[in-house]
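Undergrad: These are the residues of each chain, in order.
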Amino acid sequence: MLAAVLSLTVLGAALGLVLGVAGKFLAVEANVAVAEVEKLLPGTNCGQCGFPGCAGAAVAIAAGEASPACCPPGGKAVAMAIAERLGVALDAASIDDDGPQLALVAEDLCIGCCRCLKSCPTDAIVGAPRQIHNVLRDACTGCAACLEPCPTEAIRLVPMPVTLPHWVMPRPLAA
Amino acid sequence: MKRARPARVFRVFEWFYGCKSIESMFNELFLLLVSTALVNNVVLIKFLGLCPVMGVSRRLDSAIGMGMATAFVLTLAAAASWMLEHWLLAPLGLEYLRILTFILVIAAAVQFTEMFIRKSSPGLYQALGIYLPLITTNCAVLGVALLNVQQARGFFWSLAHAVGSAIGFMLVLVIFAGLRERIALARVPAAFAGAPIAFVTVALLALAFMGFAGLNV
Amino acid sequence: MGLMEKCFGFSWGVHPADHKRPAADAPVRVMPMPERLFVPLAQHLGAPALPAVLAGQKVKKGERIANPQGAVSAAIHAPAAGVVTAIGEIPAPHPSGLPVLAVTIEVDGEEACDGADGGPPPCDDPFALDPAEIGRRVAQAGVVGMGGAAFPSALKLSSSKKAGVETLIINGGECEPYLSCDDRLMRDEAPAIVDGIRIMLHATGAREALVGIERNKPEAIAAMREAARAHGDVTIRPIPVRYPMGSEKQLALTLTGREIPAGRLPADAGVVVHNVGTAKAVSEAIRHGRPLISRLVTVNGGAARAPGNILAPVGALVADVLAFAGGLKEEPARLIMGGLMMGMSLPHARVPLVKGTSGILALSAAEVDDRAPDPCIRCASCARACPMGLLPLEMARHIAADDFAGAAGRGLKDCIACGCCAYVCPSRIPLVQYFAHARGRLAAEERARLRLDATRKMAQAKSARLAAEAREKAEAAARRKAERAAAAAKAKAAAEAEAAASEEARALVDA
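Protein chains in written order, with this note's numbering: chain A, 154 to 328; chain B, 22 to 238; chain C, 14 to 524.
It is worth saying that the hints were derived from the structure and are not from the lab.
Misleading hints may appear alongside valid ones.
[As the list claims (entries may be wrong)] Straight line, CA to CA, 25 Å or less: simulated DMTMM-like cross-link-like pairs of lysine to aspartate or glutamate: (1) B:K67 - B:E49; (2) C:K475 - A:D261; (3) C:K475 - A:E218; (4) B:K140 - A:E301; (5) A:K177 - B:E135; (6) A:K229 - B:E202; (7) A:K229 - A:D291.
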C-alpha cells in the first residue's frame, strides 16, 4: 500500500517537474494567431461584429469565441481567409454574403448635417455643412457605421453595382 | 554473438543478445516493422485509435501533423511504460496500477507534445484543435503499451513494435486524408455526403489492408 | 518541335472542320455607312479611353473622339463624319449584355478627306523615322491588335524595342474555324501587309519577320510570297493546320522552336507576335495617316444567307452588318462575336462592332449542341488536347467544388481559353466556362484584397489624424491654461506688490 502511494506520488511529482520545466522553455509569449487574424480583418473598427474594434474581434476569433464569419464588411473572402489561417473548417455555402455593399446618400433626404462624415472610419463620405453629402465608392467598405447617425435616414446600403470589367462569368450548371 | 549477459534488471539489451547475428537482428527488425505497420495495422486491423482517423483526416497537411504527433507520443509512451513496468511496477508487485501509471505517463507526454507544437507551429496547433489533447485517450497509444507488457518482450523489441505501429497509424491517416481530399471534390449523392462516404471509404481501406494478412511474417 | 511531334504529329490541339469556304472565296464587300454609329470607349485591353468630344459637336471622318488614359489604353477616332448625338451607355458586345460607355454619331454622309486632325501625318519614307516616332504615330492612329485581344499595338512595339526582340512573328494562322478575314486580307492586301511588317521590323529593331500561314490557305500563301519576294527579312512560312496554331505561344513554338515560359511574355523568348491585320493597320497609319476606323469582318454560320467578308466601320451594329451581308436564313440559334472556339456569345444583335471583332457568326440550330452536359468520365481527352499541357478535368473538379486556389495551383493562369478541352469532351462539359468563372472569382478576390488594404490604410490615417487632433487640442488647452495661470500669477504678484506699496505708503503716512 505504502509502496503504491509512494511510487505514484514520486511519479506524479517527477512528471510534473518535467512538464513545469518544459513549460518554462516552451512558453508562447503572445498569441501569434491574434496578430495574424487582425491583419486579415478590414481594420476599419466599424463594430458590426459586436466586438470593440477589429483588435477585439481578432482576440475573440483566435480564441474560438467568435466565428471567423462574424465580419460583415469582410464577407466570405475574409471569413475563408481567417478559417484557413486558423485551420477551422468553415462551410463556404453557410456564410450568407450578399456581396460587397456600398453606402448611398439619398439626395432628396440629405440635409447636410455632416454627422455621417465623422462616423465614417475611412473618410469615404465627403460634404460640407448644408451641402448634399456624397460617398466615394472606392473608399466605402459598406460597414454601415454611417446609417445610425443620419437624422433623416438618408443613407442606405446598396449592393456594389456590377460593371463590365468586374463581371464574372456564371458558373455552369453542374453536370 | 556469445557474450556474458548483464544483470537481469537491465534487460534493455536482451533482444540484441538473443539474436544470433547482426543479419538476423535486422531481419527480425524489418519483419517486425512490416508486421506491425501493415499486417497487424493498429487502425485498420486492430481498430484502435479510430477517433483521429475520422476527425483529422479532412486535409492532408493536418493529417501528417497529427500522424507525427501521435507517432511521437506512441513511441515515447511505449519506452516510458516499458521502463515503468520493468523497473517499478514488476519489482514492487504493483501490476494492478499498470493502467493508471501508463495513462499518467501518456498524459504527460501529450502535454509536452502540445506545448512543443504550440511553440513550433501555431498553425498546426490550431488545425489539430481538440484532437491534440485527445491523443491522451487514443487507445492506440495505451493499447501498444499494454500489448508490449502482455507479450513480455525486451525494451528494443517494444520500441520497434511502437515505431511500427506509429508508422502504420501515420500511413493510414495520410492515405485516408488523401482519399478524403479527392472525395471532397467528387459529386457524392446527398445521402452519402460527409461522414457516411468517409466510413464507406475507410471500410474499403480496411478490406484492402486485410490483403496483407497473406504476408507470411 | 520535339522528336515525338515530328514523328507522330502534334501532341496538342484539335482539328475542327474549318467551314472557311465559301466565305473565304467571296470577294470583300464594302459596307456603306449606317445612319448611326455607336463607338464604345472600351474597345481595347486596359483602361477605357476618355471622350474628347461633346454631345452636339460635329466630327469629321478620322477625327479623334477619345484620348487614351492610363498606361494601357488606345485612342479612338470617328469612323464617319457626322454629329455626336450622345455620349452614354449602350449594351456592350459582351456575353453579359452590361452597358458600356459609347459615343453615338449620327452620320451625315459628308466624307472628309483622310488625315483629318487626330490621325498621324502621312509619311512617304517611314524607315527614315525614329522607331519611337513610329510607336507614337501608331498610338495616335489608335491601332490595337486585330487578332481579337485588342492590346494597344504601340505599347507592344515600344516594349519589344526595349526588350531587344530578335524575331517578329506575324500571325496569319487564322486557325479559328469559320473565320477568313485574315485570309481575305492576305489575298487582297499582301503588299500593304508586307509594308506594315517591314515598318514594324524597323520599329521593334527585330532582325527578321516570320509570317506563319496555315497550309489550308494556298492563295494567301502565294500572294504573300509574291509580295515578300523583294524583301529578304520577311519570310513566309506555311505551317500545319492545327487549332490553336494562332495562339502566340503555339505559333512561336512552331516557327522558332522557342517555348515561351509560363507566366512570361513572348519577349522573354526573344519574339513578339502581331496579327496580319495589325500589320495592315500600321502600314495605313504610317504611310497614309489613316487611323483605325474600319476593319474586315467575316460574316459566317449556317444562318447567314450570304457568308463573306465585309469591310465594316467600327461602331456599326451587328444587326446592320448582318443585314448588309444578305440577312439571315433563319433566326440564329446562337450569335457569336469573334471565332467559333474563342469568340463570345452575344445576348442580341443590337451591339456595336469593335476594333477587335474578327467575325460575326450566326449559327443555325443544327450547328449548336444545346444538350445538357453529362458527368465527367475521366477519359482525359481534354488533357491530351490541351495545348498548354494542363489537366482541364482536374481544374474543373476543383472549380466545381469552389476551390479556386486549388484550380490556380493546377495552372489555371496558364490556360489560354482556346476551348480545345470543351471541343473534345465527350460529356459536353463546358470546361472553358468553368475556367472563365474561376478567373473572374479569383480576380474579384484579388480586387477585394486590394480594396481591403486600401481601406485599412484610410482607416489608420483617419484614426491617426483624430489622435493628432486630440493631442493638439490637449496641448493647446494646456498651453492656454499655463498662460492663464502665468497671467494670473503675474496679476497676483502685481496686486501684492501694489498692496505692499500701498502698505508702505500707509506706513510712511502713519510715520
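Undergrad: Look at each hint and say if it fits the structure.
TA: Status of the hints after comparison with the structure:
1. B:K67 - B:E49: Given that 25 Å is the threshold and the Cα spacing comes to 22 Å, the pair holds.
2. C:K475 - A:D261: violated, 28 Å
3. C:K475 - A:E218: Status violated; Cα separation ~29 Å.
4. B:K140 - A:E301: Distance of about 44 Å is beyond 25 Å: violated.
5. A:K177 - B:E135: OK: A:K177 and B:E135 at ~14 Å, within 25 Å.
6. A:K229 - B:E202: Cα-Cα ~22 Å, so holds.
7. A:K229 - A:D291: holds, 19 Å
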